[in-house]
Amino acid sequence: MSVLSELILIAIGSAIVNNVVLSQFLGICPFLGVSKKTETAAGMGGAVVFVITIASFVTALIYKFILANTYLQKKGIDLTYLQTIVFILVIAALVQFVEMFLKKSMPSLYQSLGVYLPLITTNCAVLGVALTNVTKEYDILESVVNGFATAVGFLIAIVIMAGLREKIEYNDIPKPFQGTAIVLITACLMSIAFMGFSGMI
Amino acid sequence: MNKNVERLYNGIIKENPTFVLMLGMCPTLAVTSSAMNGLGMGLSTTVVLVFANLLISLFRKVIPNGVRMPAFIVIVASLVTMVQFLMNAYTPDLSKSLGVYIPLIVVNCIILGRAESYASKNPVVPSIFDGIGMGLGFTLGLTCIGLVREILGAGQLFGYQVLSLDWFTPITIFVMAPGAFLVLAVLVVCMNLVRAKMDAKGKPLAAPSGCLTGDCASCGQSALCTGKTQAVSSDQKTE
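Those sequence lines, one after another, are chains U and A. For the first sequence, numbering that gives the first Met the number 0 gives the first residue as 0, with consecutive numbering after it. For the second sequence, numbering that gives the first Met the number 0 gives the first residue as 0, with consecutive numbering after it.
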């Protein structure tokens with residue numbers, strides 16, 4: 000039971016309280032770039048959930064069994080310093096692989112997520128989550144849960160933002176504020192709202 | 000020599016990555032809660048950028064075109080790892096407050112962007128100066144944003160109390176997450192005004208590229224995207 004409650008705490012913590020976009024500033028690019036319409040935003044969010052969950056699983060496996068291998072460490076070989084290089088290469092290769100796999104075997108899913116996959120290859124949120132999992136010393140299950148929850152946090156933020164932007168379209172905004180500026184102000188207000196969750200855990 | 004000075008001028012002023020091109024927004028928002036953090040982040044990015052430009056320019060004729068992106072990423076990631084360990088050893092406080100954002104220099108769009116658009120096409124010396132110029136431009140941007148946030152949010156400059164707390168109530172929100180978005184929004188508004196003025200004068204500024212415009216074509220990682228981003232953004236434009 001305590002394992003389960005710990006996992007739930009991790010999930011709520013990274014999905015809502017420490018929202019990946021609004022309080023950690025990871026994945027700002029797609030958050031600002033692909034949030035003009037709710038459908039595209041949801042597609043992007045879905046693809047991010049997919050990729051980050053798989054990527055946290057794979058990087059956690061690689062870290063545990065190759066980089067921080069106890070057998071090697073007993074022999075005095077510590078490979079953990081390679082984490083940044085290995086993780087970024089693994090993530091880049093993984094995204095390409097997932098894309099090819101989806102194209103071949105699940106064309107319908109590829110239709111809805113495919114376009115967004117290459118966009119995420121070097122999205123800082125993916126690498127950020129993989130590195131956070133290592134820093135916080137999460138085991139494999141906790142890493143997957145943390146990755147999934149972080150990505151769900153991204154999905155929530157980008158869909159809300161897209162919904163707001165669709166409404167903003169109809170408003171009369173002063174010229175210098177049009178475009179990115181008003182989006183950033185909206186993000187600021189959303190971030191203040193999300194700060195309200197900080198007492199939850 | 001003239002060309003090198005031109006590269007410096009280009010990076011710091013004409014195509015300043017923070018103010019004009021609006022690149023590298025994740026670190027810009029995340030680490031500017033104080034001027035010192037901004038300066039530290041800017042300088043460490045500069046070091047990576049200069050050496051990455053140097054190495055990529057040296058090897059530009061050896062690296063096959065088809066695998067250039069992975070090759071660039073390996074070079075940048077190795078440099079970032081070295082910088083990370085140096086900072087851990089010599090500036091432990093700074094490295095603690097920058098945290099995960101140091102390894103994330105790897106995916107900073109300025110670095111791969113410069114590698115792709117400049118260093119992989121130009122000789123070594125101008126590439127180094129391009130790296131120095133762009134890096135200092137980025138450092139300048141981060142430090143300025145950090146200064147504004149620190150003085151409004153804590154009344155301090157580089158950690159020294161300059162506004163006495165007797166009469167000044169710090170607006171704490173500026174050193175927290177929402178403040179980052181707000182300060183950047185104000186910056187974008189200012190730049191829009193400057194841009195309009197320069198357009199009227201007939202001397203238009205370089206267009207912003209990268210994340211904020213929603214146009215990923217120039218972010219340096221576009222080679223990994225194989226141009227599909229164009230499809231997404233043009234979809235949005237037509238609708």
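Since the hints were derived computationally from the structure, they do not count as laboratory data. Be careful, since some hints might not be right.
[Unchecked claim] One side only, chain U facing chain A, incomplete, derived with CB under 7 Å:
hint : residue
1    : G12
2    : V16
3    : L126
4    : C187
[Unchecked claim] Just a sample of chain U residues kept apart from chain A, beta carbon distances all over 12 Å, derived:
hint : residue
5    : L6
6    : I7
7    : T69
8    : Y70
9    : Q72
10   : G75
11   : V85
12   : F100
13   : L108
14   : V125
15   : V128
16   : I155
17   : K166
18   : K174
19   : S190
20   : M199
[Claimed, not checked] Rough simulated footprint, nothing fancy, chain A against chain U, three-plus residues with beta-carbon under 8 Å:
hint : region
21   : 46–59
22   : 87–95
Beta carbons: idealized from backbone N, C-alpha and C, even for Gly.
Evaluation of the provided hints:
| no. | hint | verdict |
| --- | --- | --- |
| 1 | G12 | violated (15 Å) |
| 2 | V16 | violated (12 Å) |
| 3 | L126 | holds (6 Å) |
| 4 | C187 | holds (4 Å) |
| 5 | L6 | holds (22 Å) |
| 6 | I7 | holds (24 Å) |
| 7 | T69 | holds (22 Å) |
| 8 | Y70 | holds (23 Å) |
| 9 | Q72 | holds (18 Å) |
| 10 | G75 | holds (18 Å) |
| 11 | V85 | violated (9 Å) |
| 12 | F100 | holds (17 Å) |
| 13 | L108 | holds (16 Å) |
| 14 | V125 | violated (9 Å) |
| 15 | V128 | violated (10 Å) |
| 16 | I155 | holds (16 Å) |
| 17 | K166 | holds (16 Å) |
| 18 | K174 | violated (8 Å) |
| 19 | S190 | violated (4 Å) |
| 20 | M199 | holds (16 Å) |
| 21 | 46–59 | violated (count 0) |
| 22 | 87–95 | holds (count 3) |
Checked against the numbered hints given earlier, this structure breaks hints 1, 2, 11, 14, 15, 18, 19, 21; the rest are met.
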